[in-house]
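Visitor: Residues per chain are reported as follows:
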Amino acid sequence: MERPADSCVEILERLTPVLPAVLNAYRVPEARAREIVDDACRTLLAKRRLRHEDPEGWLLRTIIESCRKWQEEEEREDSPE
Amino acid sequence: MKIHPNDDVLEEFVLSLDEEHRSLLGHLAGCSYCRSKLYYLPRPLPLHPKDALGNPKAGIYEAGLAESRRALSEWEAVLERERDDAPGLFVVLFEQQAEDRDLLLRDSLRFQTWGVFELLVERSLEASIQDPAFGEHLGLLALRLSDHLDRGRYGAERIADLQARAWAFVGNTRRLRFDFQGAEEAFGQAYQELKKGTRDGLERAIFLDLKASLRRAQRRFDEALRLLQRAVDLFLSHGERHRAGRSLVNMATVRHHAGNLEEAISSLYQALPLIDPEREPRLLLCARHNLVDYTAGLGRFQEAHRLYRDARPLYRSFNEPWVQNRRRWVRGKIAKGLGQLRRAEAQFLAARDGFIAEGIPYDTALVSLELALLYAEQGRTEDLKRLASEMVPVFASRHIHREALAALSFFQQAVEAERAGAELVARVAAYLRRAEGDPELPFESGSGAA
Chain A
35 MERPADSCVE ILERLTPVLP AVLNAYRVPE ARAREIVDDA CRTLLAKRRL RHEDPEGWLL
95 RTIIESCRKW QEEEEREDSP E
Chain B
11 MKIHPNDDVL EEFVLSLDEE HRSLLGHLAG CSYCRSKLYY LPRPLPLHPK DALGNPKAGI
71 YEAGLAESRR ALSEWEAVLE RERDDAPGLF VVLFEQQAED RDLLLRDSLR FQTWGVFELL
131 VERSLEASIQ DPAFGEHLGL LALRLSDHLD RGRYGAERIA DLQARAWAFV GNTRRLRFDF
191 QGAEEAFGQA YQELKKGTRD GLERAIFLDL KASLRRAQRR FDEALRLLQR AVDLFLSHGE
251 RHRAGRSLVN MATVRHHAGN LEEAISSLYQ ALPLIDPERE PRLLLCARHN LVDYTAGLGR
311 FQEAHRLYRD ARPLYRSFNE PWVQNRRRWV RGKIAKGLGQ LRRAEAQFLA ARDGFIAEGI
371 PYDTALVSLE LALLYAEQGR TEDLKRLASE MVPVFASRHI HREALAALSF FQQAVEAERA
431 GAELVARVAA YLRRAEGDPE LPFESGSGAA
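Chains as they are written, first to last, in our numbering: chain A, 35 to 115; chain B, 11 to 460.
Derived from the structure by calculation, the hints contain no laboratory data. Among the hints, a few may not be true.
With beta-carbon atoms standing in for the labels, derived distance ranges [as the list claims (entries may be wrong)]:
{"hint": "1", "chain 1": "A", "residue 1": "Glu-109", "chain 2": "B", "residue 2": "Gln-107", "range": "50 to 60 Å"}
{"hint": "2", "chain 1": "B", "residue 1": "Pro-323", "chain 2": "A", "residue 2": "Glu-99", "range": "41 to 51 Å"}
{"hint": "3", "chain 1": "A", "residue 1": "Glu-99", "chain 2": "B", "residue 2": "Glu-77", "range": "14 to 24 Å"}
{"hint": "4", "chain 1": "A", "residue 1": "Glu-69", "chain 2": "B", "residue 2": "Glu-233", "range": "33 to 43 Å"}
From the three backbone atoms N, C-alpha and C, an ideal C-beta is built for every residue, glycine too.
Full structure from sequences and hints, please.
Guide: Listed below in structure tokens is the structure:
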């Protein structure tokens, strides 16, 4: 029997205890954090028919990548010309 | 730890666990889903030093995360509805004349959904095996629909990701029709869309895997292997073991085409533990069948027979001509290798008749030549002539390319003139095997041909 696919909300719920620490580690502001999480979740939802084997891992990885990208952009903007 | 712990270390570890943890370990050993979580648990990211004590700032995200869950729940319901409606809309779309479909997609808002876009892309891939031209039509239709999708609603980057996949599927259908230039263009488009997309590694790996099939068909084997290795690495790093297994099966096929059967077998042994039989039993069958075939190809017939026996229950669960004809064919090869010539002949004949009944001319030709070799080696000239005359359906087919027909015609004339010895038959057979994916490969009837 194939394991029934969890809903994306359930996947996000399972990650919720981890996410504040992740977002905080990159010091992402609250509003930007919301955008990052929403965007990653919408992408996961759009790709649900790819049947990810590890959707939590995929979502966490995508959120971390976005946080890292945001931090790099911030650092670039802050650095003296 | 990069080396495997020895038995003593493992034993010490297991004995150090209490009953509850030992039971958990037992579960982990058998559950790939839970094992895949281990790479992010325990949670590896350190808190920012300023907030390490008590992490007071982390609390600021809680309200936003609750809001994200609520919004996600709503969006999930919307997409689910679109996905439920898509098959019905697909039927409506295909009730129209081909030229009217574009108009409908352009003018009717109810078709301009993620659900319909995604379904067209998926069906493009599904259709490509049986009918590559229809698969291409579906892929291009999906791409034309994507021009009308609301970027604000679905996200421009997500649309670009799926456009990349659609172009890669179109490239794949063109590869299947030997339109390599067209395929190259489609993969170029796919790459451009990937650059505009979300940069999802999984999407990139799907692209690389399909592009590798084009390189294989172009006989650019080293490039194909490099692309597949990158796809395997990406799939594994995203916890996609099954897809990695699929790419390894593709890698085995490339190595087979390149003539490296030992390496092909090694790729299959790497693939087998990764394949999820519940998700795609046909992939498991393909891997195990190829393992039997390649092992027989190396002349290791006892081992091939053992592998064949192990795979028999799996073959039985696919009681369809396409599979059973291939099973008989490989069984015939093993029987021939083990010196069971009557059994080999019976299996080859059954496979050939099956391919004729199914209308698969190329495989009919290949198995007929296998049979011809058997007859030639035994000096059975009359049987050879009968066999050659029974190959008429092959010549009547429009699905065999010109060079292959020339090779078969050469074989037939040689049989008629009673000049078709084992060496000549083996040469024509070897040419046909190589030319299967390469219609441009010239057949030369003189010595050293193919």
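Visitor: All hints, please: hold or fail.
Guide: Each hint tested on the structure:
no., hint, result
1, A:Glu-109 x B:Gln-107: 50 to 60 Å, "57 Å, holds"
2, B:Pro-323 x A:Glu-99: 41 to 51 Å, "43 Å, holds"
3, A:Glu-99 x B:Glu-77: 14 to 24 Å, "22 Å, holds"
4, A:Glu-69 x B:Glu-233: 33 to 43 Å, "39 Å, holds"
In this structure, none of the earlier numbered hints is contradicted; all agree with it.
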